[in-house]
Amino acid sequence: MCLGIPGRITAMTDPARMMAVAEISGVRREVNIACVAEGLPEGLIGRWVLIHVGFAMSLIDEDEAARTLAALHELGEAQEALEQMAEADREMAR
Amino acid sequence: MCLGIPGRITAMTDPARMMAVAEISGVRREVNIACVAEGLPEGLIGRWVLIHVGFAMSLIDEDEAARTLAALHELGEAQEALEQMAEADREMAR
Amino acid sequence: MNAIAFGALRDSHVTLSHGGGGKAMADLIETVFFPAFGPGSGEDQARLTADALCEPGARLALTTDSFVVTPLEFPGGDIGKLAVCGTVNDLAVGGARPLWLSAAFIIEEGCEIALLQRVVASMAREAVLAGVRIVTGDTKVVGRGSADGLFVTTSGVGVIPAGRDLAAARIRPGDVVLVNGVLGDHGAAILAARGDLALSTDLVSDCQGLGHLMEAVLAAAPGTRAARDATRGGLAAALNEMALAAGCGIEIREDALPLRPEVRGVCEILGLDPLYLANEGTMVLFVPEAEAEAALTAMRSRPEGQGAAIIGRAVAASEGGAHTARVQMVTSFGGRRIVDRLVGEQLPRIC
Amino acid sequence: MNAIAFGALRDSHVTLSHGGGGKAMADLIETVFFPAFGPGSGEDQARLTADALCEPGARLALTTDSFVVTPLEFPGGDIGKLAVCGTVNDLAVGGARPLWLSAAFIIEEGCEIALLQRVVASMAREAVLAGVRIVTGDTKVVGRGSADGLFVTTSGVGVIPAGRDLAAARIRPGDVVLVNGVLGDHGAAILAARGDLALSTDLVSDCQGLGHLMEAVLAAAPGTRAARDATRGGLAAALNEMALAAGCGIEIREDALPLRPEVRGVCEILGLDPLYLANEGTMVLFVPEAEAEAALTAMRSRPEGQGAAIIGRAVAASEGGAHTARVQMVTSFGGRRIVDRLVGEQLPRIC
Amino acid sequence: MKFASEFRDPKAARALLAAIACRADQIGASREKPVHIMEICGGHTHSIFRYGLDKLVHEGVEFIHGPGCPVCVLPRARIDESIQIARRPAVIFTTFGDAMRVPGRSQSLLQARAAGADIRMVYSPLDALALARKYPERDVVFFGLGFETTTPSTALAIQQAAREGLGNFSVFCNHITVPEPIHALLKDPHMVLDGFIGPGHVSMVIGVHPYDFIARDFQKPLVVAGFEPTDLLQSVLMVLDQIAEGRAEVENQYARVVPDEGNPVSLAAIADVYERRPSFEWRGLGEIDASGLRIRPKYAAFDAEEKFGIGYAVARNPAPEPEGCACGAVMAGRLKPTACPHFGKGCTPDMPLGALMVSSEGACAAYWQYGGARVAAE
Amino acid sequence: MKFASEFRDPKAARALLAAIACRADQIGASREKPVHIMEICGGHTHSIFRYGLDKLVHEGVEFIHGPGCPVCVLPRARIDESIQIARRPAVIFTTFGDAMRVPGRSQSLLQARAAGADIRMVYSPLDALALARKYPERDVVFFGLGFETTTPSTALAIQQAAREGLGNFSVFCNHITVPEPIHALLKDPHMVLDGFIGPGHVSMVIGVHPYDFIARDFQKPLVVAGFEPTDLLQSVLMVLDQIAEGRAEVENQYARVVPDEGNPVSLAAIADVYERRPSFEWRGLGEIDASGLRIRPKYAAFDAEEKFGIGYAVARNPAPEPEGCACGAVMAGRLKPTACPHFGKGCTPDMPLGALMVSSEGACAAYWQYGGARVAAE
Ligand code: SF4
Ligand code: SF4
Ligand SMILES: [Mg+2]
Ligand SMILES: [Mg+2]
Ligand SMILES: [Mg+2]
Ligand SMILES: [Mg+2]
Ligand SMILES: [Mg+2]
Ligand SMILES: [Mg+2]
Ligand SMILES: [Mg+2]
Ligand SMILES: [Mg+2]
Ligand SMILES: [Mg+2]
Ligand SMILES: [Mg+2]
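From first to last, the protein sequence lines are chains A, B, C, D, E and F.
Mapping of the first sequence onto this note's numbering: position 5 corresponds to residue 5, and the numbering continues sequentially without gaps.
Mapping of the second sequence onto this note's numbering: position 55 corresponds to residue 55, and the numbering continues sequentially without gaps.
Mapping of the third sequence onto this note's numbering: position 87 corresponds to residue 87, and the numbering continues sequentially without gaps.
Mapping of the fourth sequence onto this note's numbering: position 259 corresponds to residue 259, and the numbering continues sequentially without gaps.
Mapping of the fifth sequence onto this note's numbering: position 119 corresponds to residue 119, and the numbering continues sequentially without gaps.
Mapping of the sixth sequence onto this note's numbering: position 72 corresponds to residue 72, and the numbering continues sequentially without gaps.
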């Protein structure tokens, strides 16, 4: 239901109003960071956030992301090995 | 300075607000008749008025108009007679 | 409207969806335009051939006009009729035989589809009358407040047969000036139809195609020098433009100008001069004196030229500075005055 | 501004006077349009000849488009460049060599004259690049709030040399689909340039003329079946239109679609699909398989085709009911989905 | 058109022209030493040029074009003030078309409209009232402009608005009166005028007696005239008759429309709604005592100057005339338009420098448009 | 695009698909007797069709498309009410583009706009706030729409408006919540669901615990999932794992974005600004207890329902669903879109009969647009 896109905070524009610039694939837009600022807006610069309707709604946990990716990678490698084995079996069968 | 056109009152539209229809060369427009109504708006129908910016400003005195026209006509006839005489003189002189 | 009545075909008014390049737009085009103009080529352009174009000495004529008028429908026509006649006339007055028209529509969101259909039907009808085909088109929809209901731009392609060369530069002193009918009907009818001046009249726009009339005139008066349709700026603008191009003067007679009483009435009320009122089916024609009667007779033999009249003649350019008057009018009173171009359009005035 | 700074030539903004058919209009035309396009014929139409038109088998091509864009100037172009390129491209994709253009302007009261001059200069520049002449035009001024700054309608006349017959109906299963460059730049750049979505990007519209590119392709791949510029409705609209006309299916590969990261970014943020974003200098081309490489090489040898790519092929029409999908995409993920026409234009969405 | 075209009979005109020539010779008027007759009203100026009367009359009769064009004498500061009002977001500013092209200090109303102000042309103050009824959330301001002819219409509109409680209607009052500038002209020691053509439509409101001072105190003849060509020629003849006979009287050629006592309803409306300003600025003529009207305090709610705190309601900022502008001298009859160094050079209708080039009733514009200068020069 | 494209790796996907197939076989799922997994969220529905996952997964896994598209479940009466507000002359009505084409009883917002209402699309409630600042004389109303993901943004906008004293800003609140309709579905005796894919972005706000009742009270597994294809496949596998292992738990596949406890700032803003409505109407599902939010009395000045006396603030006039519409059954998973008699006939995206054909997240529209039905049929 709710389009969310990862973006990186690149600059603060109006810390009092909790406004910052986020960059998404080279596109910049001002977003509200109230939900992710945790009292220290400047610390956000460089951080990845999940953006919805102009609000940064969640800080992306890069470690978690890396963990998921690693698991996926492992799965992928295993799959590739399996596929190569299957391929080799088929070759031999010919 | 002030464009005024003769028009004829053809109908009352809103006697309370002193509004009537005037016709000018086949063109109709609602005009205010407060200045010419003299207490009896209905009596105006068929009368010629002088219209300025949507207000009938003066009742046209048709007798006066006829008098002026008669004088002009007389002048014109006299002029024509004079011109014919002058023309005859020229003819003769040839 | 019940719940089923949504979607392109069943919409009663144009929405932004109808301009989006998708299904709704295709539906609009198929529902409104194709039935009137015939289906498109399916390509981005019309592909056309005409033998007349290939005859030696023939030239192609190209013209365009955007039409913007309030109200969109008025006594005597609508924006569609205007858009076909206006472009046909611009071809015709140059001696071109109109062949093909393109039509581009800019539609304001909220425009009634039934209105659009009436306008398009009126274009189709007028095209048949003029003997032209509307062969390609375009539709854009803009947001509410970004247009005034509907704008139509037509472009016209015609062929000028070999040997024809109508041009204001060919006008010579002594040439006779004709018009095909009464002046100012369109301008006065539109002013009244707009409603904001609260004028009511029985005036009808003179909007009509002049292609057949022009052919008739050229057959009867092959020496015809030049013609112009007296649209924006009226007869005064057309004459000034032609005098300038011809490098000569023009003298018209107030007595000879065909004018309806109602047009005079509108002008008296609003302080306007009928010479500057727009026409949409009235042209001014310059003919050598020897052919003037023939041209007049040819005009009067057609319905578009019933009210034709000789209104003046070309005269030698008067000496003087840059501001020398080119067009003069002998008033019915015996005086003489300059008929200059105006700065902008005439505004209703009280003094 | 001091007291002397009034009058047509010295006005900084267009007023209703500039559309009135009088001196102010003439001044506007002489000051803004003639310096860029050259003086007009002085007649109501342009008179033209071209040998190419008279060659046996040659056909005349006629096309028209109204251009409405906000903002009027945007990264990579302006409404004038768009108006010339758009019409040149509609001629070019049909195999016509563009010759002449007409240009009709609808100007909103208050439009800056300097802006108008920039737009007109940009049209003149683009016409030179495309090798066409802007030979006739028209100017209308409408009241404030009756237009959106400026609308431009161009019509184009070109000649299709004998023997050329590009048409979507000629597409056969197996034909290769090419584009000349990245997709969606114009649509995304305009969305960002409008400012109301507060997006900032370095995107630039792809607005460019495709006439020379088309000639190069046709020289290298004379068997080319059909082409279309992927404007409103984007690649998806062009492909659907062509598949329908061809009576076949089209299969494209998501992997092969050239897309800038910023375009993807804009689409992710607004929930849009780049396949539906407008292009103004991007065409889609169908070529027999044997000539596909030649066409690709010819494209890449020109700046307009630097980013050219083969993106799919025509396939046999799939069986099914009236709603059978004609265009399908193999996703980069290995799935397959229909690329249908949309109902209207894409709206930014949050879900 | 009844009551109009009958008064354009060329035969009668030729008779009048012959009689005028005869009278002019009789009093020794010549091209070198002409009789100067001022037509006060711009409408008369317009008729004179439209029918070419200036070139048809005996060369010893010279028309001097008076200050009776309300648009021409509207000072630049008032245009600036009207634009200030029109620019307010809630305002719909309504005006007669005449005022649209008059240059203020930096813009005309036409240009202000192009720049975004909501300015609409109306034919009548009644149309402005109708707008006020239609848009209760907007402030509809009417640009009240004109001499005594027009003054009653805005007065009646204000009374109507008061009756209806139309709080969103107001008038930016620029109404002026005829006798005062004439008085000022006559007091000028360089004055050259020998007689006057009196304004026909002003007089149908105020009658003929407000001109009595002209005959009585300055011994100049005045004939109130209609606007058709024979009206004007007859009036010229009547003025020459007075001169020839050594009379100085106020006469009424236009009795079919002008009652000697004016129109009582109009006069009552004016008296109810307006009072005299101590002074009012005229373009080309400067401030003239008691020459302008303002809305009485009891109608202050309908007075745009009060409502928006603009114009004479606050400190004014009058704009000097453009440099070298000779309008004042032309209006006083001391200079012909063509004698102004700007005429046709820095000053043309599409680029008016002075006020008299703006309205088609302005003497310079009329000279230009109808060829008073250009045809004559050929 | 970082944190997105990495999760589209076809190799990993193939592995996940293989694992899913294996698990599905293991639990005996088949085309005839499939496992029914509901993706609650329309965003997931969109991803499934965009990537063709429905056709890639083992035939024993059947996706049931849940009620998680806020546009699809917006009842016609609410569209009617929003048009009533938008039509008021002073109002600028702002909305996400999603809502523009949703049919009300007689018009959509798009059609109302064409008919003259000032309706503008915005990307963010912040843009509506900016409009309110820019047009102080207008009433800017924001169409508050969406589940818990979107709710905080309008809450923060209202708080900001209150801080700035932007009295001309208000929200027409249609915010709804996820757990309540799920609860309603699970209580349905005809319910066929075997497990859930939980909404990733809703959960980043509310965390994972609000779903506990699903596992605890109804013994169904739920996995909160991301929106990329491998996210979804991994989550499907996690659901199948739970089924295979006889577990019913709430798990979090999307931990990179979803903290188990949700976002405290968002939750605080929601709690401050909103309270639960006793009940709220869902298109196709009817009134559901406590499933909607309304603005608390302390922010009543920013509540468009209160301000304009519309909607739940007054007597409502709910519009029945169009006759024959099967949306309710489709959303409950009892019917496939293609099984609805209207699908592709009376009901297509350009002429939607039911809500699910309107948004590209609606199950029927997704079937149509992405060929769930049409490609499959070939
Ligand atoms: S020419 Fe211009 S400046 Fe000179 S008097 Fe006439 S209006 Fe004034
Ligand atoms: S096809 Fe239409 S009516 Fe049927 S369930 Fe889908 S949206 Fe509802
Ligand atoms: Mg033309
Ligand atoms: Mg024309
Ligand atoms: Mg087009
Ligand atoms: Mg006519
Ligand atoms: Mg023409
Ligand atoms: Mg085209
Ligand atoms: Mg094009
Ligand atoms: Mg034109
Ligand atoms: Mg490109
Ligand atoms: Mg095209």
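Don't read these hints as lab results, they were simulated from the structure.
Accuracy of the hints is not assured; some may be wrong.
[Stated by the list, open to error] Every beta carbon over 10 Å from chain C, so not counted as near; a handful from chain B, in silico:
| no. | residue |
| --- | --- |
| 1 | 24 |
| 2 | 26 |
| 3 | 69 |
[To be verified] DSS-like cross-link-like pairs, simulated, lysine-lysine; straight-line CA separation at most 30 Å:
| no. | chain 1 | residue 1 | chain 2 | residue 2 |
| --- | --- | --- | --- | --- |
| 4 | F | 2 | F | 55 |
| 5 | E | 336 | E | 33 |
| 6 | F | 187 | E | 134 |
| 7 | F | 134 | E | 134 |
| 8 | E | 11 | E | 33 |
| 9 | E | 307 | E | 55 |
| 10 | F | 33 | F | 134 |
| 11 | E | 307 | F | 336 |
| 12 | E | 33 | E | 134 |
[What the hints assert, rightly or not] Quick list of the computed label-pair ranges, beta carbon to beta carbon:
| no. | chain 1 | residue 1 | chain 2 | residue 2 | range |
| --- | --- | --- | --- | --- | --- |
| 13 | E | 271 | B | 11 | 28 to 36 Å |
| 14 | E | 298 | B | 38 | 52 to 60 Å |
| 15 | E | 275 | B | 40 | 27 to 35 Å |
| 16 | A | 13 | E | 323 | 32 to 40 Å |
| 17 | C | 71 | E | 323 | 54 to 62 Å |
| 18 | E | 163 | B | 40 | 19 to 27 Å |
| 19 | E | 189 | C | 253 | 57 to 65 Å |
| 20 | E | 162 | D | 121 | 41 to 49 Å |
| 21 | D | 35 | E | 189 | 48 to 56 Å |
| 22 | C | 133 | F | 1 | 48 to 56 Å |
| 23 | C | 71 | B | 85 | 41 to 49 Å |
| 24 | E | 338 | B | 85 | 54 to 62 Å |
| 25 | C | 195 | D | 172 | 54 to 62 Å |
Computed from a predicted model, the values in this text were never measured in an experiment.
We treat Cβ as the ideally placed atom computed from N, Cα and C, and that holds for glycine.
Hints, verified against the model:
1. 24: violated, 5 Å
2. 26: violated, 4 Å
3. 69: holds, 16 Å
4. F:2 with F:55: Judged against 30 Å, a Cα distance of about 27 Å means the pair holds.
5. E:336 with E:33: At roughly 15 Å apart (the allowed maximum being 30 Å), residue 33 of chain E and residue 336 of chain E satisfy the hint.
6. F:187 with E:134: violated, 57 Å
7. F:134 with E:134: Holds: residue 134 of chain F and residue 134 of chain E sit about 26 Å apart, inside 30 Å.
8. E:11 with E:33: Holds, because 29 Å separates the two Cα atoms, which is no more than 30 Å.
9. E:307 with E:55: The given pair, whose Cα atoms are some 49 Å apart, is violated under the 30 Å limit.
10. F:33 with F:134: Roughly 59 Å between the alpha carbons, so the hint for residue 33 of chain F and residue 134 of chain F is violated.
11. E:307 with F:336: Given that 30 Å is the threshold and the Cα spacing comes to 68 Å, the pair is violated.
12. E:33 with E:134: violated, 59 Å
13. E:271 with B:11: 28 to 36 Å: Holds: the Cβ-Cβ distance is about 31 Å, inside 28 to 36 Å.
14. E:298 with B:38: 52 to 60 Å: Given range 52 to 60 Å: violated, Cβ gap about 26 Å.
15. E:275 with B:40: 27 to 35 Å: holds, 31 Å
16. A:13 with E:323: 32 to 40 Å: violated, 51 Å
17. C:71 with E:323: 54 to 62 Å: violated, 46 Å
18. E:163 with B:40: 19 to 27 Å: holds, 21 Å
19. E:189 with C:253: 57 to 65 Å: violated, 47 Å
20. E:162 with D:121: 41 to 49 Å: violated, 56 Å
21. D:35 with E:189: 48 to 56 Å: holds, 54 Å
22. C:133 with F:1: 48 to 56 Å: holds, 51 Å
23. C:71 with B:85: 41 to 49 Å: violated, 59 Å
24. E:338 with B:85: 54 to 62 Å: Taking Cβ atoms as reference, residue 338 of chain E and residue 85 of chain B lie about 39 Å apart, which means the hint is violated.
25. C:195 with D:172: 54 to 62 Å: holds, 59 Å
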